Amino acid sequence: MRSFRFSALALPVGALPLAAGWGSGSYGRPPFGVGTVALGVHWIMDWLVPVCVAAVLAFGTAGTGLDRRIAASGASDLRILWWRTHWTAILGSIVACGSCAYSLAGMSGEPFPDLLAPGLAGVLFALLVANVVVSRFAAGPGVALAAATSITGTVAIGPYLTPFTDVPAIDPTLSNWMRGVPDRGSILSSGSIAWIGAGVIAVVLARMCPRDIAWLPWTAVEDASDDSI
Amino acid sequence: MIRFDKVDKSFRSHSALREVDFELATGIVALLGRNGAGKSTLLSILAGLAAESAGTIWLDGTELRRSRRVLRAATTLLPQDLRVDPKVTGRALVHYLLKLRRRPFGDLDELFALFGLTGVCDRPLGSLSGGTRQRVGLVYVFAADTPVLLLDEPTQGLDPWERLRFTEYLARVAADRLVVYSTHVVADVEAIAERVLVLDQGGLVHDGSPQDLLARTPPVWVAEGDQEVASSLGSRVLVTAMKRIGDDSYRLRWLGERVYGHARPAEPSLSDAYIAVTGERA
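Line by line, the protein sequences give chains A and B.
With the first letter of the first sequence counted as 1, position 29 gets the number 29 in the working numbering; the numbers rise by one all the way through.
With the first letter of the second sequence counted as 1, position 116 gets the number 116 in the working numbering; the numbers rise by one all the way through.
The following block holds chain A by itself, in its conformation from the complex:
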């Protein structure tokens, strides 16, 4: 079933000037020994890519797909069905993240795994957020877009903007650089594990509470909307 709002793909276009600027080293003040291009490509992979994925998936999948009244009667739960119904968009996001990391690594000289690992972690977190926003709360496209990008943006960007606290960041390398330390961090960080773990817990809680979709308010309102009640 076709189930994706393809106009959502236009959303990342708005981020292209920012990506081009960062990628060309026009912004940022890295610590001594770190190039502006290296800093820029980490920004792209750690901030822009996850936020763009959250925007595309949340806006693209909100309120689309099979008639909910039919889908809700399926053997699979709607919230699980989201993953199946939108697997092409999800896979596309992951492939886009990988190819983005590959091309940026080639351009900047940064190690490919150093860009791929935090990028993938951010994308995975963005997917989990989009799933909860769209399939648990059934938000409309605009609200889903705002909610998913806000949450993902807070997690993807926030830790780097608060360098004097211990908020776990997905990319320890960028976290060091933002604090003026030129050292590289580990590829798999405790921040990645913590945030992805929180996302998984949110998805599981969204599935379990309430346990039956009949009790979700959106289902009742939507199903009865054709009859004014």
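Treat the hints as calculated values from the structure; they're not laboratory data.
Computed from a predicted model, the values in this text were never measured in an experiment.
For every residue, glycine included, the Cβ atom is placed at its ideal position computed from N, Cα and C.
Heads up, some of the hints might be wrong.
[To be verified] Using C-beta positions, here's what the derived DEER-type ranges look like:
hint	chain 1	residue 1	chain 2	residue 2	range
1	B	Pro-104	A	Pro-113	45 to 53 Å
2	A	Cys-209	B	Arg-102	24 to 32 Å
3	B	Gly-126	A	Leu-205	34 to 42 Å
4	B	Arg-102	A	Leu-18	43 to 51 Å
5	B	Gln-211	A	Val-143	45 to 53 Å
6	A	Val-167	B	Met-1	21 to 29 Å
7	A	Leu-205	B	Pro-160	37 to 45 Å
8	A	Leu-205	B	Glu-19	32 to 40 Å
9	A	Val-167	B	Phe-22	53 to 61 Å
10	A	Cys-209	B	His-14	24 to 32 Å
11	A	Ser-7	B	Lys-6	41 to 49 Å
12	A	Thr-154	B	Ala-171	31 to 39 Å
[What the hints assert, rightly or not] Per the computed footprint, the stretches of chain B lying under chain A, defined by three or more beta-carbons under 8 Å from a beta-carbon of chain A, are:
hint	region
13	47 to 60
14	73 to 84
15	99 to 112
For chain A, the structure is supplied; the task is to place chain B on it using the hints.
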């Protein structure tokens, strides 16, 4: 099979269903009511898609708790305005829906043929008329073959021949399952329903056979008159039909008292009975 015990449904401050009580076994049950009477809400609850605000629901003697998975597995709902992907073919849609619900495919070609869809079931749904898309929905419902079928205005958009095919098939399958369908077409009810539920403002105002509903009809009167007579009657009694039969000449049909001297009694119809039980609300 399904029992409702004082079921209420509220949306914020609005009450959609009020203390609805009934017990449904196999057979065809027509659900009548005006727009906003609560028919779709009732069907949503029966389909396990919406939860009641108060009251108890029983399925096959077991009280339903929080989970409605069992109810959803036992029922198939055909919504009034089935939203479909216009690029998908009817056959692909039915296959997908049955797969989604883990139902066997059965002999789909026979059903497509029965509903006159053999030549069009492989075309995109967006290229088909509303009535044809509705028939694709009916094929899905009958192919799902669950013990309970819930049809929300299934004959909408069907021409008389299609409607005939539908009612014939419905009568056949209802022998061993429960079919609940909401409709505004009283002629359908007369033709096939064994039982009629009438909802009005969220309350159940009739539960019985079409004959029981007819028996509740007050005296029906018919008379001819000019515009002045028509206006006068309209303000004094419940007029159920008015037909223009000539220049400034009308035939009127109303319920209640013989308020016009030239009136003669008439046999009540199910439409008269329905209007009588649902009152005089504008």
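Structure-based check of each hint:
1. Look at B/Pro-104 against A/Pro-113: about 48 Å separates their beta carbons, and that is inside 45 to 53 Å.
2. Distance hint check for A/Cys-209 and B/Arg-102: the Cβ-Cβ separation is about 25 Å, which falls inside the suggested range of 24 to 32 Å.
3. Between B/Gly-126 and A/Leu-205 the beta carbons are some 39 Å apart, a value that agrees with the proposed interval 34 to 42 Å.
4. Between B/Arg-102 and A/Leu-18 the beta carbon distance is about 46 Å. The supplied range of 43 to 51 Å therefore holds.
5. A hinted range of 45 to 53 Å holds for the C-beta pair B/Gln-211 and A/Val-143, which are about 52 Å apart.
6. Roughly 57 Å separates the CB atoms of A/Val-167 and B/Met-1, a value that falls outside the hinted 21 to 29 Å.
7. Between A/Leu-205 and B/Pro-160 the beta carbons are some 53 Å apart, a value that contradicts the proposed interval 37 to 45 Å.
8. At roughly 35 Å, the beta carbons of A/Leu-205 and B/Glu-19 sit within the given window of 32 to 40 Å.
9. At about 57 Å, the CB distance of A/Val-167 to B/Phe-22 agrees with the hint of 53 to 61 Å.
10. A hinted range of 24 to 32 Å holds for the C-beta pair A/Cys-209 and B/His-14, which are about 26 Å apart.
11. Hint check: A/Ser-7 to B/Lys-6, Cβ distance near 47 Å, so the stated range 41 to 49 Å holds.
12. One distance hint, 31 to 39 Å for the beta-carbon pair A/Thr-154 and B/Ala-171, is violated here, with the actual separation near 60 Å.
13. Taking a C-beta to C-beta cut-off of 8 Å, the region 47 to 60 of chain B contributes 5 residues in contact with chain A, enough for the three needed, and the coverage statement holds.
14. Check on the region 73 to 84 of chain B: 10 of its residues sit with their Cβ under 8 Å from a Cβ of chain A, so the three-residue criterion for coverage holds.
15. Requiring three or more residues with a Cβ within less than 8 Å of a Cβ of chain A, the coverage given for the region 99 to 112 of chain B holds, as 3 such residues are present.
Checked against the numbered hints given earlier, the structure breaks hints 6, 7 and 12 and satisfies all the rest.
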